[in-house]
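Next come the chains, spelled out residue by residue.
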Amino acid sequence: MAGGPATDSDLTRLSAAELAAAIAAGEVSAVEVTQAHLRRIEQVDPQVHAFLHVDGDGAVRAARAVDERRAAGEPLSALAGVPLALKDVFTTVDMPTTCGSRILEHWRPPYDATITRRLREAGVVIIGKANMDEFAMGSSTENSAFGPSRNPWDLGRVPGGSSGGSAAAVTAYEAPLGIGTDTGGSIRQPAAVCGIVGTKPTYGGSSRYGLVAFASSLDTPGPLARTVLDAALLHEVMSGHDPMDSTSLNAPVPPVVAAARQADVAGLRVGVVAELGGEGYQPGVMARFADAVGLLESLGAKVTEVSCPHFRYALPAYYLIAPSECSSNLARFDGMRYGLRAGDDDAASAEEVMSLTRAAGFGAEVKRRIMLGTFALSSGYYDAYYGKAQQVRTLIIRDFNAAFEQADVLVSPSTPTTAFPIGERVDDPMAMYLADLCTIPSDLAGNSAISVPCGLADEDGLPVGLQVMAPVLADDRLYRVAGAVEAALQQRWGHPLLAQARGLTERIPAGGGPGDD
Amino acid sequence: MTETAALVAFEDAVRRYEPVIGLETHVELSTASKMFCGCPAGFGAEPNSSVCPVCLGLPGSLPVVNRRAVEYTISIGLALNCSIATWCRFARKNYFYPDMPKNFQISQYDEPLCTDGWLDVAVGGRSVRVGIERVHLEEDTGKSQHVGTTGRIHGADYSLVDYNRAGIPLVEVVTKPVPGTGPLAPEVARAYLAELRDLLRALGVSDVRMEEGSLRCDVNTSIAPPGALWGTRTETKNVNSLKSAERAVRFEIERQAAVLDGGGRVIQETRHFHEDSGITTPGRSKEEAQDYRYFPEPDLVPLAPSREWVEQLRAALPELPAARRARLQAEWGLSGPDMEALRNARALDLVADTVAAGASPADARKWWLNELSQRANAAGVELGELAVTPAQVARVSELVATGTLNDKLARQVIDGILAGEGEPDEIVAARGLAVVSDTAALLAVIDAAIAAKPEIAAKVRSGKVAAAGALVGEVMKATRGQADATAARELILRRLGVSG
Amino acid sequence: MSISRTEVAHLARLSRMALSEAELDHFAGQLDQILTAVARVQEVAAEGIEPTTHAAGLSNVFREDRLSGCLGQLAALDQAPAAQDGRFRVPRILAED
Chain G
5 MAGGPATDSD LTRLSAAELA AAIAAGEVSA VEVTQAHLRR IEQVDPQVHA
55 FLHVDGDGAV RAARAVDERR AAGEPLSALA GVPLALKDVF TTVDMPTTCG
105 SRILEHWRPP YDATITRRLR EAGVVIIGKA NMDEFAMGSS TENSAFGPSR
155 NPWDLGRVPG GSSGGSAAAV TAYEAPLGIG TDTGGSIRQP AAVCGIVGTK
205 PTYGGSSRYG LVAFASSLDT PGPLARTVLD AALLHEVMSG HDPMDSTSLN
255 APVPPVVAAA RQADVAGLRV GVVAELGGEG YQPGVMARFA DAVGLLESLG
305 AKVTEVSCPH FRYALPAYYL IAPSECSSNL ARFDGMRYGL RAGDDDAASA
355 EEVMSLTRAA GFGAEVKRRI MLGTFALSSG YYDAYYGKAQ QVRTLIIRDF
405 NAAFEQADVL VSPSTPTTAF PIGERVDDPM AMYLADLCTI PSDLAGNSAI
455 SVPCGLADED GLPVGLQVMA PVLADDRLYR VAGAVEAALQ QRWGHPLLAQ
505 ARGLTERIPA GGGPGDD
Chain S
601 MTETAALVAF EDAVRRYEPV IGLETHVELS TASKMFCGCP AGFGAEPNSS
651 VCPVCLGLPG SLPVVNRRAV EYTISIGLAL NCSIATWCRF ARKNYFYPDM
701 PKNFQISQYD EPLCTDGWLD VAVGGRSVRV GIERVHLEED TGKSQHVGTT
751 GRIHGADYSL VDYNRAGIPL VEVVTKPVPG TGPLAPEVAR AYLAELRDLL
801 RALGVSDVRM EEGSLRCDVN TSIAPPGALW GTRTETKNVN SLKSAERAVR
851 FEIERQAAVL DGGGRVIQET RHFHEDSGIT TPGRSKEEAQ DYRYFPEPDL
901 VPLAPSREWV EQLRAALPEL PAARRARLQA EWGLSGPDME ALRNARALDL
951 VADTVAAGAS PADARKWWLN ELSQRANAAG VELGELAVTP AQVARVSELV
1001 ATGTLNDKLA RQVIDGILAG EGEPDEIVAA RGLAVVSDTA ALLAVIDAAI
1051 AAKPEIAAKV RSGKVAAAGA LVGEVMKATR GQADATAARE LILRRLGVSG
Chain R
7 MSISRTEVAH LARLSRMALS EAELDHFAGQ LDQILTAVAR VQEVAAEGIE
57 PTTHAAGLSN VFREDRLSGC LGQLAALDQA PAAQDGRFRV PRILAED
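Residue numbers (my numbering), protein chains in the order written: chain G, 5 to 521; chain S, 601 to 1100; chain R, 7 to 103.
Take the hints with a grain of salt, since some may be wrong.
[Stated by the list, open to error] Listed below are the simulated SDA-like cross-link pairs for lysine to any residue, each with C-alpha atoms no more than 25 Å apart in a straight line: (1) LYS743(S) with ALA346(G); (2) LYS693(S) with GLU355(G); (3) LYS693(S) with ARG729(S).
[What the hints assert, rightly or not] Here are some chain G residues the structure puts well away from chain R; computed CB gaps all over 12 Å: (4) GLY77; (5) ARG112; (6) PHE150; (7) ALA321; (8) ALA352; (9) ARG362; (10) PHE408; (11) ASP432; (12) LEU460; (13) ALA461; (14) ARG496.
[Unchecked claim] Among chain G residues calculated to face chain S with C-beta under 7 Å, some are: (15) ASP98; (16) TYR115; (17) SER221; (18) HIS245; (19) ASP249; (20) GLN286; (21) PRO287; (22) ALA291; (23) ALA294; (24) SER332; (25) ARG336; (26) MET340; (27) TYR385; (28) LEU493; (29) GLN495; (30) HIS499.
No lab work stands behind these hints, which were simulated from the structure alone.
The beta-carbon is built from N, C-alpha and C at its ideal position, and this holds for glycine as well.
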């Protein structure tokens, strides 16, 4: 860094890769990096509300441990000393894990999630737990029992969901890295509306042990970052087989970091999914998407159109499968063993206390999905609803298989609109569900997908995301394409997309120190 | 709710109605760890000390299948002549209850691991083939203790729950309905349970102690007039012993006959068996049949046992009880009724162990069925509860065979064993019970006897050889039964100059 | 497909949630709308199509029958709303299981 000691603004604007390199080279200490981010959080989080819990002491301790290892000459992992916002759906022994719900408001888990453990072992500094839609159900973070997070581009708008807190934290420079979970699009959609990178890895690519389950066959932990390379580095650190998770894949992590560096799409066959676009999609989104497709072509990709006819049924199938699984997964929250207990006056029965607890502890969306799922699994309805949805799932997988014969990757907008205003869809579940239109097919099929920023919509100057989808275990292809798009656009603009976020610089005071914009 | 049920006498009931029975048995497997986690499956000391995030169902926890539990289940299926699924899944059975940490139980629904087998049981000289519908694998629940005025659920103020047993592997064995047993229905129920228990014990997959709950049974009973469709069945729970199974079936037949005789209909319900009175009473009635909303367990992947694996397990099966009994019967040269007598007296294993320790089958049977059975009855205990081992019985038998003991002395040695005096040889030495066959010693006693009974001696000299018996008796008395009677008789005759 | 308020109340009971009258009114309309939308899956002809419960296609994932660490009674009960004698204390249970 030129000139005097690094300012907070300098440190918080660096990418994770740059920070890790600087720490490893001894140019700056991990403690300094963490403290700079803690100060940034202090400054901006009252407005952004990305975090539910910030562990300043714990973070500094973890950072100090990295510094000590470095001083002792021990090798450091690729992201050692880098701060990270962890979605509050992963268990942590030293911080509460609320899942954005009153029913777990004060819960302290007695065990770390595998992902938590892997981060700690890699020296990543978990700076705090990020806000989320309650139990990962939502597309705006408005379903959090503790208030929504706000989009740093425009504080009156949603940061997307359900991993809105993690996305907002990364966007607002509160941490260079975030981890979210994607069940119906909950990493990619927030990434898109916040103008950052978010990946849903191949299902089973990283462990769900310690990830409080929403929909078991769909939940996928994944990285959020401001650059494609950062996302790839985190993707690698968090992935890998876990014997504690029967659904985790026993396969090597695809070479995502190499692919992010390669970032070359010459000769790659790119398929535009016909069903993911058109009516109901914001014109500005479609315009930036078309630009992105054109860009890929100019970079040497072979673009064609492919049809996935059953994608039209992906949304209804998802809104049967996910609620069904969640109605069962959330049954354990009954006030008997942990969490909120309501209505226990020594006269009420266990059944009554369970019912009162769940009524008091769950928000509206959670209640809706539990009832929907209970319905879909009921005897007499199972075949026509849950059973049928699982058949549609098979057909969607077949659509993908056929499409991937014609194309190496598929592309679409990440979500039909830019960030919508807070409050706009909160009372209209169906309108809210439409945000997942493009992302859901990959959740159902289990293949990998990424959202990478591809510009701002003309109407509102808000970020648009390009979604790239790859076959199961071909996650590296995502990073090749995303890396190429990112590099080309940065070259065209002369700066990263986020630099255009006036909301970030005007309404949120920047970190102290000279040389700030 | 107590109900004084009207009953029809059993013999009358089975003369006019044909019973159909079925049994559902839960078996706790004796694996080292639980079904889906590494917590110990043995009995923990402190409550809630053998628990982890998985078996406590904590948010974020995930199950992983215990391979040995699957092997045990396949072995049970093979021993019951079942087909083993090539592909099957676990399913969630969803219902709310405080002893279930997740408020669903991981079980199997429409894809059990084993299906369509049978188990032959012998009752009343007949062989009855009990069809096996399915054998599947699931997890056990925690245990709640109801605290309050009555100690039973009704009237409890609160409950205390211990999750040590949550997640223990359970195998459920469900029979097909068993018709055509007529008056033998209660005994068939008991015999099936006994046979199943012996089979599970032979496989080494469970402790199978009904008193401790590692083998639990529900019994289904229905009756119908001959030729009619099967009647409505009731399910009886809390059947905690073989005897209870028999009594429960018997009572239900009597009760249901009275209902039908009175023109009523048997209500399909779950009933509770009472040990003390031998009656069943209705369980708490449910408003609606439970809909468990079964669906395939998304946290687990399918089980697809390869045929190689199944054949390996089949080859590793130990000799099963039925085959063993057939073999022993042939080896011992016994008739069917003889074998059944041994089983009924619960002497089969004791005799087999005694033979294995060196006794002849005939001797072993004789000892256990006669002398030792008498002792057991007198003491009011089971044969197997006597304080004597097959090895000890075999040793006593050997001592008799070699002439060290005669039958009377042997019985005294048994006395000593039962009294806890030690091993047979120790008792013989301590009590000085060895047969006296030392010629010199014997002659001394013989001469004394001859001198004491000159008139008898004269008879013998005159040719009445049989009279020597009285002199033998004298010798036996004088030696407190320790003389070798045969040797004594010979010596007496020689002494008196007679050849016998 | 339309779902009545009574059925919604039934679903709330089944899933152990004591919803208020106002909530039942509110949810009934929304669930009706959602169910109509998701019922579209029935338009798809799917005879002979196997349902997918796991996209990944794995099978036979096991753990060996070995012991691993337990939480211990203190940790197990640490977050319990009520505990007594080393056990979780819960209100009186009405139904037989």
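Hint by hint, here is what the structure shows:
1. LYS743(S) with ALA346(G): 23 Å, holds
2. LYS693(S) with GLU355(G): 18 Å, holds
3. LYS693(S) with ARG729(S): 31 Å, violated
4. GLY77: Holds: least Cβ distance 33 Å, greater than 12 Å.
5. ARG112: About 6 Å separates ARG112(G) from the closest Cβ of chain R, which leaves it inside 12 Å; violated.
6. PHE150: 19 Å, holds
7. ALA321: 5 Å, violated
8. ALA352: 6 Å, violated
9. ARG362: The claim breaks: ARG362(G) does not keep its Cβ more than 12 Å from every Cβ of chain R (closest is about 5 Å).
10. PHE408: At roughly 14 Å from the nearest Cβ of chain R, PHE408(G) sits farther out than 12 Å, so the non-interface label holds.
11. ASP432: Check fails; 9 Å does not lie beyond 12 Å.
12. LEU460: 31 Å, holds
13. ALA461: 27 Å, holds
14. ARG496: 37 Å, holds
15. ASP98: Since the shortest Cβ distance to chain S is 15 Å, the answer is violated.
16. TYR115: For TYR115(G), the interface hint holds, since the closest Cβ of chain S sits about 5 Å away, which is under 7 Å.
17. SER221: 4 Å, holds
18. HIS245: 12 Å, violated
19. ASP249: With a closest approach of 5 Å, the ASP249(G) hint holds.
20. GLN286: At about 34 Å, which exceeds the 7 Å cut-off, the nearest Cβ of chain S leaves the hint on GLN286(G) violated.
21. PRO287: This hint is violated: PRO287(G) lies away from chain S, its Cβ roughly 39 Å from the closest one there, beyond 7 Å.
22. ALA291: Nearest chain S Cβ about 39 Å off; hint violated.
23. ALA294: 38 Å, violated
24. SER332: 5 Å, holds
25. ARG336: Holds. Min distance 5 Å.
26. MET340: Hint holds; MET340(G) Cβ to chain S Cβ min 5 Å, cut 7 Å.
27. TYR385: Cβ of TYR385(G) sits 10 Å from chain S, so the hint is violated.
28. LEU493: 38 Å, violated
29. GLN495: 43 Å, violated
30. HIS499: 40 Å, violated
Checked against the numbered hints given earlier, this structure breaks hints 3, 5, 7, 8, 9, 11, 15, 18, 20, 21, 22, 23, 27, 28, 29 and 30; the rest are met.
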